[in-house]
Structures are given as C-alpha cells and as structure tokens.
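Novice: Below, each chain spelled out in residue letters.
Number of protein chains: 2
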Amino acid sequence: MFDQVLQRIVDETGGAVGAVLMGYDGIAIEQYFPAEEALDLQIVAIEYSNVIKEIRKTSEVLKLGNMEEVSIKTERFIIVIRAITSEYFVALTLYREGNFGKGRYLLTRETATLVEALV
Amino acid sequence: MFDQVLQRIVDETGGAVGAVLMGYDGIAIEQYFPAEEALDLQIVAIEYSNVIKEIRKTSEVLKLGNMEEVSIKTERFIIVIRAITSEYFVALTLYREGNFGKGRYLLTRETATLVEALV
Numbered sequence: 017m018f019d020q021v022l023q024r025i026v027d028e029t030g031g032a033v034g035a036v037l038m039g040y041d042g043i044a045i046e047q048y049f050p051a052e053e054a055l056d057l058q059i060v061a062i063e064y065s066n067v068i069k070e071i072r073k074t075s076e077v078l079k080l081g082n083m084e085e086v087s088i089k090t091e092r093f094i095i096v097i098r099a100i101t102s103e104y105f106v107a108l109t110l111y112r113e114g115n116f117g118k119g120r121y122l123l124t125r126e127t128a129t130l131v132e133a134l135v
Numbered sequence: 017m018f019d020q021v022l023q024r025i026v027d028e029t030g031g032a033v034g035a036v037l038m039g040y041d042g043i044a045i046e047q048y049f050p051a052e053e054a055l056d057l058q059i060v061a062i063e064y065s066n067v068i069k070e071i072r073k074t075s076e077v078l079k080l081g082n083m084e085e086v087s088i089k090t091e092r093f094i095i096v097i098r099a100i101t102s103e104y105f106v107a108l109t110l111y112r113e114g115n116f117g118k119g120r121y122l123l124t125r126e127t128a129t130l131v132e133a134l135v
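Line order of the protein sequences matches chains A and B. Following the working numbering, the numbering of the first sequence begins with 17 at its first residue and continues without gaps. Following the working numbering, the numbering of the second sequence begins with 17 at its first residue and continues without gaps.
Everything labelled a hint here was simulated from the structure, so no lab data went into it. Keep in mind that a hint or two might mislead.
One copy or any two copies: either way a pair holds, since identical chains are not told apart in the list.
Computed cross-link-like contacts, DMTMM-like style, restricted to lysine to aspartate or glutamate with a CA-CA straight-line distance of at most 20 Å [unchecked claim]:
| hint | residue 1 | residue 2 |
| --- | --- | --- |
| 1 | K79 | D27 |
| 2 | K79 | E91 |
| 3 | K73 | E46 |
| 4 | K118 | E28 |
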C-alpha cells in the first residue's frame with residue numbers, strides 16, 4: 017500500500033529520483049526507486065532525519081507552529097521532506113531540473129492517505 | 017547597501033515578514049523588518065543557522081553538491097534560506113499565505129549583488 021503511494025508520487029512528479037517513507041529515527045518503512053541510481057536515497061534520508069528532527073524542535077520552541085515541509089536545494093538535487101505524523105515523514109528526491117511544484121503538490125495530496133494508513 | 021537589498025526582497029515579495037543577512041555563526045550583518053512583529057526574526061535565523069550549517073555539511077558529505085537553498089514551512093510561516101557565500105546566508109520569512117515563489121525568485125535575483133558586496 018505504502019509502495020503504491022510512493023510510486024504515484026515519484027511517477028507523477030516530473031524528474032523525480034525516488035521517495036522514501038521513514039521514521040524520524042532513520043528507519044525506513046518503504047521506499048520506491050524506479051531506476052538504478054548512483055544516489056542512495058535511503059542514506060540521504062537517514063542523514064537528514066536528524067536535521068529534520070532538529071528543525072521540528074526549533075519550530076516548536078520558537079512557536080512557529082508545527083513543521084510541515086522542508087525543502088533542500090543543492091547543486092544537483094532537490095529534496096522535499098513532508099511531515100506525515102509525529103513519527104514519520106516522506107522524503108522525495110528530484111533532479112535539480114525536476115518539477116518541484118508538482119512534487120510538493122503530490123506530497124500534500126497523498127498526506128491524508130498516508131496518515132490514515134499509519135495511525 | 018545591504019539594507020536596500022533586503023528591503024527590495026521584503027517589499028517586492030507579497031506577504032513577507034522580514035529578512036536578515038547573517039553569518040553561519042549566527043551573527044547578523046543587516047536586517048529589515050517593515051513592521052513591529054511578535055516574531056523575532058533574528059532569533060529564528062540564529063536558531064536555524066546551526067541547522068543550516070548541518071544541512072550544508074551533510075550535502076557535501078553525500079556529494080549532493082553545494083547547498084543553495086533551504087525552505088521550512090510551518091503552520092504559521094515559511095522561512096526561505098539562501099546561501100550567499102561560504103560564510104553568509106539570507107533568511108526571508110513569509111506569512112504562510114505569502115508568495116513563496118516570488119520570494120525564492122527575488123532571493124536568487126539578488127544573490128549576485130550580495131556576493132559582490134560581501135567578497
């Protein structure tokens with residue numbers, strides 16, 4: 017079920033590398049990579065899970081409201097992280113030229129489905 | 017000079033709270049807040065500067081290329097952080113309903129001017 021949602025997000029976003037549903041503890045529930053890729057998405061998500069936890073904590077301390085989304089753009093990739101529940105997030109990685117807006121929209125659209133399946 | 021660039025970014029982005037030009041060490045060079053605001057932007061930027069440093073380091077370690085931009089969306093605000101040089105970044109804060117796309121565009125547009133003035 018989770019793999020179908022991740023597949024929909026990756027296939028419908030133009031220029032996506034893959035997506036992973038992961039706990040803030042760095043343990044993945046499910047992932048979807050359509051192609052062999054030099055980039056290890058799971059490692060990327062694990063490395064960023066601590067940072068995401070830190071951002072979430074900071075948002076709460078500063079009373080900015082709950083963290084919903086974090087995007088990181090580098091020279092080569094765009095990583096969009098969407099909080100699903102207090103324990104899980106989805107990380108979608110795109111090539112730099114990928115459709116960032118479409119990816120964000122699809123993550124938002126699929127959040128309700130993922131929340132329902134997770135709780 | 018820096019204040020004029022920050023003012024242009026804030027005034028031209030619809031729904032912006034303010035902007036700050038800051039070192040990764042959490043020390044601000046310049047800031048621009050058009051209105052009295054409950055949110056202390058400088059505190060927000062300081063709190064996030066460590067996180068940004070961590071993201072930058074992780075991007076390098078994972079060979080994703082240099083970090084260019086980080087966006088954080090919470091229930092109340094959107095914070096867009098743009099790397100200017102290896103030492104400085106600009107943090108633009110918008111209300112949640114603000115024009116995220118315009119803010120990103122203006123930060124990109126003004127980067128060259130800021131780089132020139134900083135180095």
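Novice: All hints are to be evaluated individually against the structure, with a verdict given for each.
Specialist: Here is how each hint holds up against the structure:
1. K79 to D27: Answer is neither: 36 Å inside a copy and 25 Å across each miss the 20 Å cutoff.
2. K79 to E91: between (32 Å within a copy, 10 Å between copies)
3. K73 to E46: Classified as neither; 25 Å inside a copy, 26 Å across copies.
4. K118 to E28: Answer is within: at 8 Å inside a copy they meet the 20 Å cutoff, but 25 Å across does not.
Consistency note: the structure conflicts with the earlier hints numbered 1 and 3.
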